[in-house]
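Participant: Here the protein sequences come in this chain order: G and H.
To convert, note that position 377 of the first sequence is 376 in numbering that gives the first Met the number 0; the numbers rise steadily by one, no gaps.
To convert, note that position 225 of the second sequence is 224 in numbering that gives the first Met the number 0; the numbers rise steadily by one, no gaps.
Possibly wrong hints are sitting among the right ones.
[Claimed, not checked] Heads up, simulated DMTMM-like pairs for lysine to aspartate or glutamate below, C-alpha to C-alpha not over 25 angstroms straight-line:
1. H:K296 / G:D204
2. H:K264 / H:E246
3. G:K13 / G:E165
4. H:K185 / H:D64
5. G:K17 / G:E190
6. H:K289 / G:D5
7. G:K13 / G:D302
8. G:K205 / H:D64
9. H:K166 / G:D302
10. H:K203 / H:E260
11. G:K405 / G:D316
12. H:K289 / G:D204
13. G:K184 / G:E11
14. G:K39 / H:D143
15. G:K184 / G:D204
16. H:K292 / G:D204
17. H:K203 / H:E192
18. H:K296 / G:E165
19. H:K203 / H:D132
20. H:K99 / H:D82
21. H:K185 / H:E295
22. G:K39 / H:D86
23. H:K133 / H:E71
24. H:K96 / H:D143
25. G:K39 / H:D217
26. H:K133 / H:E260
27. H:K264 / H:E165
28. G:K169 / G:E11
29. G:K39 / H:D64
30. H:K133 / H:E295
31. H:K292 / G:D5
32. G:K39 / H:E71
33. G:K39 / H:D82
34. H:K99 / H:D78
35. G:K17 / G:D5
36. H:K166 / H:D143
37. H:K264 / G:D302
38. H:K96 / H:E229
39. G:K405 / G:D181
40. H:K142 / H:D132
These are computed hints drawn from the structure, not numbers from a lab.
Chain by chain, the residues run as shown.
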Amino acid sequence: MAGHHDEFIRLEGKIFTKSFFVLLTLVIIGFYYIGVRYVKGIGAVSNMSDGYPWGIWIAYDVATGTAIACGGYAMAILIYIRNHWKFHPLIRSALLTSLFGYCLAGFSVMVDLGRYWNSYGFFMPARWQINSAMFEVALCVMAYSTVLVIEFLPAVLWSLENSRGETLRKVSAWLHPRLVPDEAKLASGLEWVRAAAAWLRPRLDKVLVFFIVLGITLPTMHQSSLGSLLLIAATKLNPLWHTGFLPLLFLINCIYIGYAIVIMESIISSYAFKREIEYNELAGLSRIIPWLTVIWLSVRIGDLVHRGQIVNALKFDFYSCFFLLEFCLVAGGSMILFSRRMRRSPRWLFITATMIILGGGLYRFNVYLIGFNPGQGWHYFPSFAEVMITVGVIALEILGYQVLVKVFPVLPNPHKHGANGHAQEPVGLPPGAVPQGK
Amino acid sequence: MKSQSRRDFFKLLGLGGATLLASSVPAMGSEKGGANNEALGMLYDATMCVGCKACMATCKRVNGDYGSLSYERASFDPDGLWDAPQDLSGSTRTLIKLCKESDSRWSYVKYSCMHCQKPSCVSVCPVSAMTKDKVTGVVDYNKDTCIGCRYCQVACSFTIPKFQWEKTLPQIVKCDLCRNTNLREKGITACAEVCPVGAITFGKRKDLLAIAHDRLQDNPGRYIHHVYGEHELGGTNHLYLSALSFEKLGLPTLPDNAPAEFSEKIQHTIYKGFVAPVALYSTLCFIALKNQKGQEKNGHKEDGE
């Protein structure tokens, strides 16, 4: 990562756009209900019950949300482990979404926890309970969020180093004169921050690889443990989903969702910010997905056959339908991606990425909610307020992304790699052969 | 003769070592086939219960303050004359229900925590708020460490732990065998103490099993020939006898092995001695460093600081 900062640029443009205010409204509605939840209790805003103690806050925000936030993880594997450095320009935006996804998953957990004020117990070894998959998930997710912040730090430091402190000056001009420190003090303070950032950045660059690898190890651990969480529900989770392979299935699942989300996000931001699409990178990425899904589907089907559940999978009842929907979305998306021509079309790339994300996400929903049946006539469907809290959290995620790409150098620099890269570069070029000169 | 005795001596030594090892493993009943029959429990005989609900009333009175239980009002009762819980809830630890098979054939049933030999709730709690007492076998809950994640509710096959959904500062509610109230003061659970017809027997699991089997033997026509809880999920300390099918009483048909054995086996295989994560990290570090070096040599000389 050393010295790659000119691979990324800051997006020029207004921060307060129309979509900013739309998203802000959703965020405010969501936070209103979060306020209600903290005053009146969880029962006041949600339809969760003793039969369904985990609702969409866990099933979407945590279980599915962190899979969608696996772009950074998936890209780090590809670049640093598989040695495909031509994908490096895509990593920062992937990291930023990961950072948001994980922090907001953590935030949702704090909304969901009934006795949140006791959560400091995770830092007290006397209370550790190593048999619990959730203990493992909680520690790993906290550690990974920290690692993500460190991984994103170079972008922040770069901005600090190159900032002229204009905003700060504007704010100080707007404030009452008596509240403002004098000009010289402000300037020297700014200078100090700039110097500190300049001092820290090269040093951080040197050790960054160790954090990046930690950022690969931790998701491997907690994404598989997210599957392990439901191992215990042997009598409640439908046999179509309850298997000893849950950890493995969740792990592979999050990696292909990770690649799909990088593709989707890249196409969307190209359209939204009117930038050129990174054809080569996306085509290369999309080539990996079907191989992962083939492995995943083989494990999935092989396991069903082995446990004699394949008949139930084809019964076309409630559970079977959701299984088939999940299967068709993932399998269908992968089939299309096997075609070289489809991989070159942004429209088909977008459609297939969406299919893979929906299918892979539905798998997680099936495990956490749809395939979960506590019996005794319990039912669950999320309430309006519950949905709005989740929507508010998602809106905050998109809002934050929109703002931060305009503040920090996150998006790929088209002049640096695009001008040469887009033209005729064949897919699967040996690493390091990507033209880099300006 | 001499060598014989020496061999015996070594055998003894080995045995002693083995027992030492075995006893150093927490006695969670996780040893294969070894249920802790010295644990405390209750035997509920549905054929003797008259449905007076004295156990329910006493439970709430005795444990009300400790467990922050409140009275539940029925919609027809604006004056608040009755406690009318519909099910086990964040305010009700034990409950009597009437189960009808037909108009002439019915039975009462009492619900409360089963106090499993290998409890799922204890296995999944991330902060050790659910614990199982090694001697008494009581599955207890500590609200001072609980974070309210409700994983115990997801894990419990009987859906016993209940959450106080309507409270700003909620907690989990479930039977703790009066461990902090009646059992401590009088040595017996409140429900067993007040039952006027002896439908609830309190005692050690081995004695309860013996009583249950005696009753089955002596009254073959009266009961379904099964002690519910003897083998379900690796055994529970709360046992049931019934004339109606247990499924009818709302007690699910369950396998003999504890789900916690299955999940812990997988989790422990992956994380044995934390070797796998460390190995993964070091291998990946090695690969990433090598790749980064190669990359810097190949194309990024001009990018140096």
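Participant: Against this structure, judge whether each hint is valid.
Facilitator: Status of each hint after checking the structure:
no. : hint            : verdict
1   : H:K296 / G:D204 : holds, 16 angstroms
2   : H:K264 / H:E246 : violated, 29 angstroms
3   : G:K13 / G:E165  : holds, 15 angstroms
4   : H:K185 / H:D64  : holds, 18 angstroms
5   : G:K17 / G:E190  : violated, 35 angstroms
6   : H:K289 / G:D5   : holds, 23 angstroms
7   : G:K13 / G:D302  : violated, 52 angstroms
8   : G:K205 / H:D64  : violated, 59 angstroms
9   : H:K166 / G:D302 : violated, 43 angstroms
10  : H:K203 / H:E260 : holds, 24 angstroms
11  : G:K405 / G:D316 : violated, 49 angstroms
12  : H:K289 / G:D204 : holds, 16 angstroms
13  : G:K184 / G:E11  : violated, 30 angstroms
14  : G:K39 / H:D143  : holds, 21 angstroms
15  : G:K184 / G:D204 : violated, 30 angstroms
16  : H:K292 / G:D204 : holds, 13 angstroms
17  : H:K203 / H:E192 : holds, 15 angstroms
18  : H:K296 / G:E165 : violated, 39 angstroms
19  : H:K203 / H:D132 : holds, 14 angstroms
20  : H:K99 / H:D82   : holds, 23 angstroms
21  : H:K185 / H:E295 : violated, 76 angstroms
22  : G:K39 / H:D86   : holds, 22 angstroms
23  : H:K133 / H:E71  : violated, 34 angstroms
24  : H:K96 / H:D143  : violated, 32 angstroms
25  : G:K39 / H:D217  : violated, 55 angstroms
26  : H:K133 / H:E260 : holds, 17 angstroms
27  : H:K264 / H:E165 : violated, 37 angstroms
28  : G:K169 / G:E11  : holds, 19 angstroms
29  : G:K39 / H:D64   : holds, 21 angstroms
30  : H:K133 / H:E295 : violated, 59 angstroms
31  : H:K292 / G:D5   : holds, 19 angstroms
32  : G:K39 / H:E71   : holds, 18 angstroms
33  : G:K39 / H:D82   : holds, 23 angstroms
34  : H:K99 / H:D78   : violated, 30 angstroms
35  : G:K17 / G:D5    : violated, 30 angstroms
36  : H:K166 / H:D143 : holds, 16 angstroms
37  : H:K264 / G:D302 : holds, 18 angstroms
38  : H:K96 / H:E229  : holds, 22 angstroms
39  : G:K405 / G:D181 : violated, 29 angstroms
40  : H:K142 / H:D132 : holds, 16 angstroms
The structure is inconsistent with the numbered hints 2, 5, 7, 8, 9, 11, 13, 15, 18, 21, 23, 24, 25, 27, 30, 34, 35 and 39, although it conforms to all the rest.
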